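Engineer: Assemble chain B onto chain A, guided by the hints.
Number of protein chains: 2
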Amino acid sequence: MSLKLTILGCHSATPRVNAHPTSQFLEIKNHNFLIDCGEGTQVQLRKYGIKFSKIKHIFISHLHGDHMYGLIGLISTFTLLNRETELHIYAPKGLKEIITLQLKLSNSWTHYPLLFHELTSKKSEVIFEDEKVEVHTIPLNHRVYTNGFLFKEKLGERKLNIDEISNFKEIDVCDYQNLKNGRDYKLQNGTILKNEMLTFEPSKPKSYAFCSDSSYFPEIIPVIKNVNCLYHESTFLSDREELASKTKHSTAAQAASIAKQAEVKQLIIGHFSSRYKNIDDFKTEAQEIYKNTLLAEAGKVFEIN
Amino acid sequence: MSLKLTILGCHSATPRVNAHPTSQFLEIKNHNFLIDCGEGTQVQLRKYGIKFSKIKHIFISHLHGDHMYGLIGLISTFTLLNRETELHIYAPKGLKEIITLQLKLSNSWTHYPLLFHELTSKKSEVIFEDEKVEVHTIPLNHRVYTNGFLFKEKLGERKLNIDEISNFKEIDVCDYQNLKNGRDYKLQNGTILKNEMLTFEPSKPKSYAFCSDSSYFPEIIPVIKNVNCLYHESTFLSDREELASKTKHSTAAQAASIAKQAEVKQLIIGHFSSRYKNIDDFKTEAQEIYKNTLLAEAGKVFEIN
Chain A
1 MSLKLTILGC HSATPRVNAH PTSQFLEIKN HNFLIDCGEG TQVQLRKYGI KFSKIKHIFI
61 SHLHGDHMYG LIGLISTFTL LNRETELHIY APKGLKEIIT LQLKLSNSWT HYPLLFHELT
121 SKKSEVIFED EKVEVHTIPL NHRVYTNGFL FKEKLGERKL NIDEISNFKE IDVCDYQNLK
181 NGRDYKLQNG TILKNEMLTF EPSKPKSYAF CSDSSYFPEI IPVIKNVNCL YHESTFLSDR
241 EELASKTKHS TAAQAASIAK QAEVKQLIIG HFSSRYKNID DFKTEAQEIY KNTLLAEAGK
301 VFEIN
Chain B
1 MSLKLTILGC HSATPRVNAH PTSQFLEIKN HNFLIDCGEG TQVQLRKYGI KFSKIKHIFI
61 SHLHGDHMYG LIGLISTFTL LNRETELHIY APKGLKEIIT LQLKLSNSWT HYPLLFHELT
121 SKKSEVIFED EKVEVHTIPL NHRVYTNGFL FKEKLGERKL NIDEISNFKE IDVCDYQNLK
181 NGRDYKLQNG TILKNEMLTF EPSKPKSYAF CSDSSYFPEI IPVIKNVNCL YHESTFLSDR
241 EELASKTKHS TAAQAASIAK QAEVKQLIIG HFSSRYKNID DFKTEAQEIY KNTLLAEAGK
301 VFEIN
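Here the protein sequences line up with chains A and B, keeping their order.
For the first sequence, position 236 (counting from the first letter as 1) is numbered 236 according to the working numbering, and the numbering increases by one without interruption.
For the second sequence, position 84 (counting from the first letter as 1) is numbered 84 according to the working numbering, and the numbering increases by one without interruption.
Just so you know, not all the hints are guaranteed correct.
Where chains are identical, the list cannot tell them apart; a pair therefore holds if satisfied intra-copy or between any two copies.
[Claimed, not checked] Derived lysine-lysine pairs resembling DSS-like cross-links, with alpha carbons at most 25 Å apart: (1) K122 to K104; (2) K51 to K277; (3) K93 to K123; (4) K104 to K93; (5) K47 to K300; (6) K104 to K246; (7) K29 to K152; (8) K206 to K4; (9) K186 to K56; (10) K248 to K104; (11) K96 to K260.
None of these hints come from the bench; they were simulated from the model.
Remember, predicted model here, so these are calculated numbers, not experimental data.
Isolated chain A, as found in the complex (with noise of 0.2 Å):
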């Protein structure tokens, strides 16, 4: 399966009727990952058709109210939905406490395991890792300590050539497991079939990148490097370059510019400022710059491939 982002929110600053706070919601290799909760999030999750109890892992990139206030809200709404099953919540220092707090002082706590991962380092770094999938951060510039997540599929197993193993009788369905491994085949009469005779190549791995608030940053394009995908926060145009800098956010040019550097093979802009009547100004500024530009939009779903 492809990866699959759902984009839940992707305006700046205060909610507004048609305007949601930033939240994605990304679905890889049978992980579903929420990525920032502003305002609202539990809302477009429902309005979405999101069930709750898939959430597991909650990524959130800094600790402004446009990306984390609705987590309070969704955290307390998984215990009155019974939620049992543990939430890891991957964040900056600080939120753990201003989570605690709040739960303290409403006396009420969750019954279920809420494991808070602390992020301080301004390194990138590997904060979640199974045999599937690596999440690291990108260290971000921007007005406080703030991290873009790069979401990675790792190599999967190769893919059996069927019709190549059904010419050997004696190969069966229980070493399949080791061909799809890698390993070669060796027949009774001693014979070596190379494994890449009977296998192909795995999919190759997808990888995205979300890049929230930050100014002009090349520094990260190492770490994004040729990414299928790339979020690129985008808050105002050209014409609001010093604004952009001023606040330490970027202008859908510099995203642009950022994407194309770092050879990626598609941009998605978001978190427009409020200011902008036309959202496809972006579009069309980012375009002149790298081609590939996607605009997000509350409920749109992109499929990553």
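Structural biologist: Chain B in isolation, oriented as in the chain A frame:
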């Protein structure tokens, strides 16, 4: 002008697409009070065209999420909108710590004075007063420290009887304020005109009592006696009276019983549990005990005369 109450949200527990947690906007004698502030309240304010700058006083009943998770977002939005006027927040002790911790960790202090009035008393007390209005707490019985709020107009000035006054040419416009204040008028010939002859009674002061989460708690009756309008939570129907008691909530019948005993003029019920599909059942149950019961509904405006 009558009191004007706009319901922003009236459902319990978790916000859903068309079910918003508790918040109300009360206009009383040129004051604009926000009462409770569940997640998404700022979007509801925008939806119903209420200007953010009008709000100078926010009253929070208790520290459960469905009554206050929207507050930090609203405070932050005020900053983004360059608010300069002070904001007063009346809330249980602890809220100040929650808000200031979040502002500190997001490095986003308000540019306007943010003044907390922390409540700890278990007895009804006056927490706001000026020449026109006073606000009293209504201690409730919930799982955490909780207050309702009683908003009372003060007795206004007497109204001029212009027809009668015009019979006395020597009464000047600059005497009017003394007449409104209740003073008699002495004519040049020494005759005393009694104030009652020249003025009418002032409008009867109106009052609104907001009682958020509480078990059935008749101790509040003396405090809310004869109010023009009582909002009383009604989370459950009588079929779940035991659950209501266990979670320290009320049923529609219990809310109606309080309204009847307190001889209020009108009852509004809300804070409906999502387990009930037909909200009209709450009205039916309450009206069996107290006829003048209305249902809260987001966007609904009640004029309290």
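Engineer: If a hint holds in the structure, say so; if it does not, say that too.
Structural biologist: Hint check results:
1. K122 to K104: Classified as between; 20 Å across copies, 31 Å inside a copy.
2. K51 to K277: Result: close only across copies, 21 Å inter versus 33 Å intra.
3. K93 to K123: within (15 Å within a copy, 40 Å between copies)
4. K104 to K93: Close inside one copy (18 Å) and across copies (13 Å); limit 25 Å.
5. K47 to K300: both (12 Å within a copy, 23 Å between copies)
6. K104 to K246: Answer is between: at 20 Å across copies they meet the 25 Å cutoff, but 37 Å inside does not.
7. K29 to K152: For K29 and K152, only the intra-copy Cα distance (10 Å) is at most 25 Å; the inter-copy one is 60 Å.
8. K206 to K4: For K206 and K4, the Cα distance is within 25 Å only inside one copy (11 Å; across copies 57 Å).
9. K186 to K56: neither (43 Å within a copy, 81 Å between copies)
10. K248 to K104: between (34 Å within a copy, 19 Å between copies)
11. K96 to K260: The answer is neither: 37 Å in one copy and 46 Å across copies each exceed 25 Å.
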